[in-house]
Amino acid sequence: MTLSDKDLETAMADLLTAAPPTLAEGVLVEVGMIDRYARFEAPIGPLVVAWNGLGVSAVESAPDDATFEAQHLARTGRRAVRAGELPEDLGRAIARRLGGDRQVRIDLDLRGHTDFERDVWQKALEIPRGEVRPYGWIAAEIGRPKAVRAVGTALGHNPVPLIVPCHRVVRTDGSIGQYSLGGPANKRTILAAEGLDPDAMESAARSGMRYLGSDTTHIVCLPTCRHARRITAPHRVPFRSLEAAAGAGYRPCRACRPASGAIAA
Amino acid sequence: MDTDSTLIAALARDLDGSFEALVLAHQDRLYSIALRLLGDRRDAEEAAQDAFVRAHRALASYESERIRELRLRPWLATIVLNLCRSRLARRAARVALARPALSLDATELGTHEPRADDAAEPAATAVRRDARESWAALLMTLPPVYRTAVVLRHVDGLSYPEVATALDRPEGTVKAQVHRGLALLRTAFEAAQRREREEMTA
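So the sequence lines, in the order shown, correspond to chains G and F. Just so we're aligned: the first sequence equals residues 1 to 265 in my numbering. Just so we're aligned: the second sequence equals residues 1 to 202 in my numbering.
Don't take every hint at face value.
To be verified - Examples of chain F residues toward chain G, derived with CB under 8 Å:
#  : residue
1  : V23
2  : Y31
3  : L35
4  : D43
5  : E45
6  : Q49
7  : V53
8  : H56
9  : V150
10 : V155
11 : G157
12 : L182
13 : R186
14 : T187
Please keep in mind that the hints were generated in silico from the structure rather than gathered at the bench. Ideal placement from N, C-alpha and C gives every residue a C-beta, glycine not left out.
Full structure from sequences and hints, please.
See below:
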């Protein structure tokens, strides 16, 4: 049988093939026009993580898929489609971040948020696991010492709680304060999982202790600073104010920078 | 093409508002180009996806004037072709590393499209699918330069000027490559038929 050019051309035209349905979705996720989401287990129970090619876009507690999808659409304007599980790299990175590794890189998709909010979240990222800082500390550190309430609001709008550890920011009076991811009880659970004792923190604050110094180094810290937590009981010197500490000859710690909290307090 | 000029005007106005329409309008052709050049469904899907992501990145960086001047069909073809070329080069390097005795041409022959495991398929569909698979396999035996020209002209259906733009080669060269490609394809088909006859009579 001999083939004409026409036969060959017809055979070739027949090789045009429909793209698999996953292709368009993959493209739109990769360019950040739709998000994927999956559930993962956190110390406070099952959470939803959403992401796209630009980064993680949401961490939320949601009772069911439909609720999450509706909330996500309302918040971001983007459709969210359920994925089987987190991409392996992302799952590992999140686990390491929750374990306290601040170096591990997790890209975030924070489009649609203000520079102020991003500054607040960026600063919250600097707080080590097992430590807390007052709202006023964040405000002072980002150069907006009077914006303490706005800092609280920005933390409440944090779309990626746990990854950006807004749970490590507490009220200036030492009480735990609000938490967007299911309320203050969750905040206590997470802080306890990170090695803090929220009840002891609050009762120390109630007794008037805002700062903790060491009588061997004469350095004064915020009470949860890793340096303060190393001070052994006989050498712990509590202070109500930095003025009192300065008067006693103590200088502020360079790691936790307690003066930042004091400016706005 | 008329739908494309509407699409281009929309892309120039509002990229994110019309990008999904671009993907839906061009996904079959970019996937087909990649599939017929790479011979593997997963590779093809990845290459096509990557091509759209690159197109989005490029469009996001272009002034609307530049977007309006785009010739969408050859432009997208060029993007996916470049990605297919680098995939073939990587694949060749990998195989060359693993089996240094084999020639590079031979490495591309082994990558036939996987067969869909569909037991309840009507006989006519199965025959057509077999025919398509045979043609796809024959196409994979052509040297890449002829295969590419044939795929763009006759699988994707680009005009000769569009193929010339996509490949950045003179139209005359492109025409010669398509004709040579079809001739090689005919020879390959006839050789396959002869083999089949010999097997049946043996």
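Here's how the hints hold up against the structure:
The criterion of a C-beta within 8 Å of any C-beta in chain G is met by V23/F, whose closest approach is roughly 5 Å, and the hint holds. Because the beta carbon of Y31/F sits about 4 Å from the nearest beta carbon in chain G, less than 8 Å, this interface hint is met. Hint status for L35/F relative to chain G: holds, with the closest Cβ pair at about 6 Å, below 8 Å. Hint status for D43/F: violated, given a least beta-carbon distance of 12 Å to chain G, over 8 Å.
Among the interface hints, the one on E45/F holds; its C-beta lies about 5 Å from the nearest C-beta in chain G, closer than the 8 Å criterion. Interface hint status for Q49/F: upheld, as the beta-carbon distance to the closest one in chain G is roughly 5 Å, under 8 Å. Interface hint at V53/F: satisfied, since its Cβ lies 5 Å from the closest Cβ of chain G, which is below the 8 Å cut-off. Residue-level restraint check for H56/F holds (minimum Cβ-Cβ distance to chain G is 4 Å; threshold 8 Å).
At a threshold of 8 Å, the smallest CB-CB gap from V150/F to chain G is about 6 Å, leaving the interface hint in force. Because the closest C-beta pair between V155/F and chain G is about 5 Å apart, less than 8 Å, the hint holds. With a least beta-carbon distance of about 7 Å to chain G, the hint placing G157/F at the interface is held under the 8 Å criterion. A hinted interface residue such as L182/F counts as satisfied when its beta carbon comes closer than 8 Å to some beta carbon of chain G; here the least separation is about 5 Å, so the hint holds.
Taking 8 Å as the C-beta contact cut-off toward chain G, the hint placing R186/F at the interface holds, the least distance being around 5 Å. A distance limit of 8 Å between C-beta atoms decides the matter here; for T187/F the minimum to chain G is near 10 Å, and the interface restraint is violated.
Violated hints for the displayed structure, listed by number in ascending order: 4, 14.
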